[in-house]
Amino acid sequence: MHPILKLVVQRIALGLLLLLAVSALIFLGVEALPGDTAQAILGQQATPEALANLREKMGLNEPPLTRYFQWLGGVLTGDLGTALTNGADIATSIGQRLGNTLFLAGCAAVIAVPLAILLGLIAARYAGKWPDKVISGITLTTISLPEFVAAYFVIYLLTQLIPIFQPVAMVFPGMSFWAKLNAIALPVVVLVLVVLAHMMRMTRAAILNVMQSAYIETAELKGLSPMTIIWKHAFPNAIAPVVSVVMLNLAYLVVGVVVVEVVFGYNALGQYLVDHVTKRDLPVVQAVGLIFAAVYIFLNMLADVIGILANPRLRHPK
Amino acid sequence: MDDKHKQLDWMVAQAKAGRMTRREFVGRTTALGVSAGLASALFGKAAMAQEAKKGGVIRLGMQGGSSTDSLDPALAASEVPFQVNMTWGEMLCDVKPDGTLDLRIAEEISSNADATEWKFKIRQGVEYHGGGTVTADDVVATLKRHTDESAQSGALGIVQGISEMTAEGDMVTLKLNAANADLPFLMGDYHLIIQPGGGVDNPAAGIGAGPYSVVVNEPGVRLTFKKHANYFDSTIGHADEVEILIINDNTARTAALQSGQIHMMNRVDPKIVELLKGVPGVQIKSVAGRGHYVFIMHCDKAPFDNNDMRMALKHAINRGEMVEKILGGLGTPGNDFPINAAYPLFEDKFEQREYDAAKAAEYYAKSGHDGSPIVLATAPGAFPGAVDAANLFAASANAAGIPLQVKLEPDDGYWSNVWNVAPFCASYWGGRPVQDQMYTTAYLSTAEWNDTKFKNAKFDELLLAARGELDAAKRSGMYTEMAQILRDEGGLILPMFNDFVSGVSDVIGGWEDDPNGELMNGRAQVRCWLNA
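Each protein sequence line maps, in turn, to chains A and D. All you need for our numbering is the position in the first sequence, starting with 1, plus 5. All you need for our numbering is the position in the second sequence, starting with 1, plus 646.
No wet-lab data here; the hints were simulated from the structure. These numbers were taken from a predicted model, which means no experiment stands behind them. C-beta atoms are modelled at their ideal positions from N, C-alpha and C, and glycine is treated no differently. Be careful, since some hints might not be right.
[Stated by the list, open to error] On the chain A side, residues computed to face chain D include the following (Cβ under 10 angstroms):
id: 1; residue: Ala57
id: 2; residue: Leu59
id: 3; residue: Met63
id: 4; residue: Leu65
id: 5; residue: Glu67
id: 6; residue: Gly92
id: 7; residue: Thr164
id: 8; residue: Phe170
id: 9; residue: Phe177
id: 10; residue: Pro178
id: 11; residue: Ser181
id: 12; residue: Val268
id: 13; residue: Tyr277
Just chain D, same shape as in the assembly (with noise of 0.2 angstroms):
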């Protein structure tokens, strides 16, 4: 018993230090007898005892970023901007690692009955890095840049839904073309960074309201940050300084980490995962989001237009075998829709879809196909391993009889002419905050991005009505069907969500798992601290 207790102290000492996951404490923990509830309780007290330490630098390597970057909100639209935008910029709220809201500028937020009408109150003294204090006009004067088609905004798609925004004293009123029960979240997209006076003069001023402010801004090669002395929430932003460095190539990141030149890396390489698990003074973090790969098919062209043949591709793609080579066992086999556990409302309902070699010949049968090739067209750049990912896609098709052939394209201008353009081909999606901003970016009969042609009244009808129901149970049943249609009828083959697979140095304290986002949701240098 004596020695049970000593372990369990060690185990609860590794927790403190942050040398342990949730999972490896509770597996290890109740095989000492400790019941699975307690256990996980123990684990919550002993990642909060540890104290976020103040002070130093903390640098990060990154992925994604390019000479071409700017400080501008509405332009965001790769890994760097959003971290380094995360790091200067603060929104009316934003998501919660558990998926619930969290009030950043606005303080409090209501609605009428039926969603149409928002109230924000602006919380009052939160200053901005030159001074200045942020008011209720610079938020109308924010989103009413990004409505302006020349501010080339990535979050266009949402503030056009609103028809009317009005500032009195601290509260803003949004009233909506019609009812959106979730737009308090699409209030925390990443574009909708609240800028003295909306940022009209200079957009890529990159001044706001949060934890750090810019000092040195050198697109694609580094940017640091300090401080923000007057920052409004006292638990966030513990180190003094923080430095995004910006190292594309995959073995310098990876070096520069392993030799304590950064702290945080983001997009470690499946490949040498299990290879750097056993470098000491390094932690691998591997994160199930939103993200996910995909293979789409147009709807409205032959032979994809025929829901036999769609359903007989389906069939003939093995999701395991993807999870395993493509994504090295980090991840999660799909569903052919684009939701998964990491979403709010999400109800787990669906039998998994695997790899049925006579069904996928039946199907195919049905369909009537004259047996030409069926052509996939992909490129590296679709996604990692999108090249190998079609071709085993192809293996498996041409097991169970189905004509399927990979056409290889070239990375440059794959986005312009071959993705929403060709009828079948390689893709990828990063997931969105809910389940209807997912849904209606690509999904709905009108979306611009509709990249599968897919259209569905009933399916429309039901995002439509989900809009403006604010009961969560009916929501949540109502998103269940859609899925269901979009499974059985959509052009989406969906066979994996991917992880974020993340390098964390030792000396990081405060690390947290965060499904909304790569890096922890973009946050982890305000989030975490060092403890060296």
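The following block holds chain A by itself, in its conformation from the complex (with noise of 0.2 angstroms):
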């Protein structure tokens, strides 16, 4: 077996044992917390034989190791079971607001990402100088906004200055892409003004650490232009640390982004897991939970599958 296969294929089980382990504790978490899932659909009404017979009926009563390889089991085969506050289908209910987490969270990736990493290589030809100044000087002043006032802000300039956009993006089945776009605007707009400088400097302090070696006065010798240096020569080395800080951010994109998904309306997965965590609802945020560790962990691999590709230290171990 080619070794960097062989590497790809030990992460990638070494992902899917992280994801079982999650799972175990994710269970045991919520196995810890006061009171059970009957106590919690009958509220004030639980009377101890109205308890009882709800336990019997949900199988509350087995040992907790047979009821975590049920669920798990039925995590495996896509049950999530229903959710006890309204007795929706969670697969179902979470079906379509992953699609729109994703949604959001791509549409601000594809700008984000490229855009971070254009800004992050003028500031580093131009570091010191004007340019970078202002770059880092905008990009910090937007990551330091909060979320919400950021939010604010944006809903403001576009909806009411100059009326282009709708302040509420909620999007749903039977829309068309444009709308959709259209729709999700906003939120795209403050996502990236959130994200954007975090990944920005990475690539820029990366691009500068591999600006100090040899090789790079080697190419400045050669008479190559500062743009193809650092474009052809120290970009290449400074992949590793730039793609690991961008799925940070992309993770943080899809499971961090309650607040503004709170502000817009939008019909994703954070606001769904706050209210059923309100609720003590807890197959739902069991559920949700899994998902997004696993959102997590897989862009982790990701992030250490392509550093391992573009290092050929790591391509090529001895």
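Take the two lone chains, each set in its own frame, and fit them into one complex as the hints suggest.
Right, dumping it as structure tokens:
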């Protein structure tokens, strides 16, 4: 087996193992909470008989290990159970909302990632000069703004002063692709503003780090233009740290944008999770927790694999 | 004179277009020398002349929805499920804005002489969305479902008072455990929507006999409805479609109204009402209702088991300041009993209790309290502005020499760990259609939600006697006596009644102030129309 393939397979196996461990941890955490699912359903009307009946019906009297494997089996076959609060099928609800989450994250990433890297390259090229200072200044300002402040600012600017977009960003089946893009324009703008600085700074720092190397001096002596040096010689060697920061930000775009979702009324996973946490709807919390963990693990794994592929030393281990 | 006529014509035109409230109209026309009675009549005529337009899509943007919401009427507890259920559902009866009974599925209601047995004649030919018509059996099955504890119905307390339900032909007969002259009003409770077969098979199907049928139900996101073609009442349900969008964020909801993405919104933040008044195309509707914000003391726990202490605190709160600062002036001061002019049978016989530091200090000295801090628990979610209100209360009480201290609690778990548990805390009530229901829910000795632990034999006796009293004047007198007891002995400090503050676009016609509930008691989307 090619050593690279072996490494990649190893990473994937490790990721899956980690996911299994996380699922056990989530189950344990929910188990450790005071009260159980039957109590959560019955709430104030929980009489001892009603509790006993419901526990029997839901199989809560089985030992925890049995229930864990039942739940895991359900998850693996795509059956996440039903929500306690409104009896909706969790897999169906999550399916649509996960799609919306990925759509928003994807649109924001498509703009933010290339833009951040480009700005990082420019900032590195003119390090210490005015373009660097302007880029750093603006991106550091936008990252310092709390998300909801940025969101309100964008709402004011683009729906009231220059009314070109709608403040409420709901999307639903049956909307055309362009209508959806138009609906999510404002949250995308906010998310781009929020994630830009981190990736831009990392690109700039990684490239400046590489620029100290002797081979860059050689390239300079060959008479190559600064931008060519950065693009052809410095950037490929700076990819690994940049990719890991990009992945961190992508993970944030998927699992961490609940504030933006709430402000724009965007119907995605974050809001769904928060609603169900407030109502102690544990099966939903378990399911969404697992999905968020999977996203994190997958993106980090991807960063690792890309890091390996980009690094000749890791590509050709001795 | 001619000029005055022109002005009058202009004002009538404004009223016709719905751009002027009754109060504004009367105020401005009387300034021209028109008598107040005539002005009021003129306004009524002008408002009637607004002709309902058919068609279009009415969009509401609302706070108070979550992805955990269900269409099961038994479970409705917040603003959005309430509004949603009022779109597709229909009860036996409802309450009109003037507080009188509105017959819906019940066509006729009668009772025996002592109000222990009630007969509801079911309107024939009222169709469900899926086909089939409402029968007396459906009505009984619906009420029975709500008596089942596992249905978790918010109307359990109401239906538990019915000992026997029978359906015969088009007549439903309800026998009660004890007399209740208000039963028709209780049957208008928003949980008691009549469902086919009682909704036993699938309570959350969202199928009823209301003016619109559910098309899309995405809890916590949006619901869409289309007109029920065979709806029995042609005077309401003007738009072809209705959409309810859940926009919990205040700023986004307001921006959506301003930009025309929605036509109506609930819960306008009192802090921005003044700013919004200047915005073209948007009207602010502030409607005095029955909802109120409260500070509740447990009458059975020290130091609140001493009535002098309770009276000291009642005199140590500045009600006018609360209305101004917490409600932005959109409300009225309360008088330590939960009833106001929005209720039927209310007699305004009470002097307004004011902030009186000297009197408060006097009562406090009489209570013989040892001077240890008196702790008031509050949380941001107890009611909008609850933390500020508690701090204002503490400041005015401290000025009177009462060592009141505010304890900030987290929102999470407030209603299970603090409310009804801590001896002194901030809370709110939404009000009920009739006085009996409000008192029964929270002030009867045995009530589960007796959150002031108020136990008064005389009060209980009056409450039960009033239920069987069919003479309105006598009942009214009994309620006044009860209010007096509660005001002077109860554990309730009620500084303010809050208005329902909604934002409505100019293109909406047919708005009517309704004290029974927010957004025309949940029916704005059904009763209004689009003028555009």
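Quick rundown of the hints versus the structure:
| no. | hint | in the structure |
| --- | --- | --- |
| 1 | Ala57 | 13 angstroms, violated |
| 2 | Leu59 | 9 angstroms, holds |
| 3 | Met63 | 13 angstroms, violated |
| 4 | Leu65 | 16 angstroms, violated |
| 5 | Glu67 | 22 angstroms, violated |
| 6 | Gly92 | 6 angstroms, holds |
| 7 | Thr164 | 5 angstroms, holds |
| 8 | Phe170 | 9 angstroms, holds |
| 9 | Phe177 | 7 angstroms, holds |
| 10 | Pro178 | 9 angstroms, holds |
| 11 | Ser181 | 17 angstroms, violated |
| 12 | Val268 | 5 angstroms, holds |
| 13 | Tyr277 | 5 angstroms, holds |
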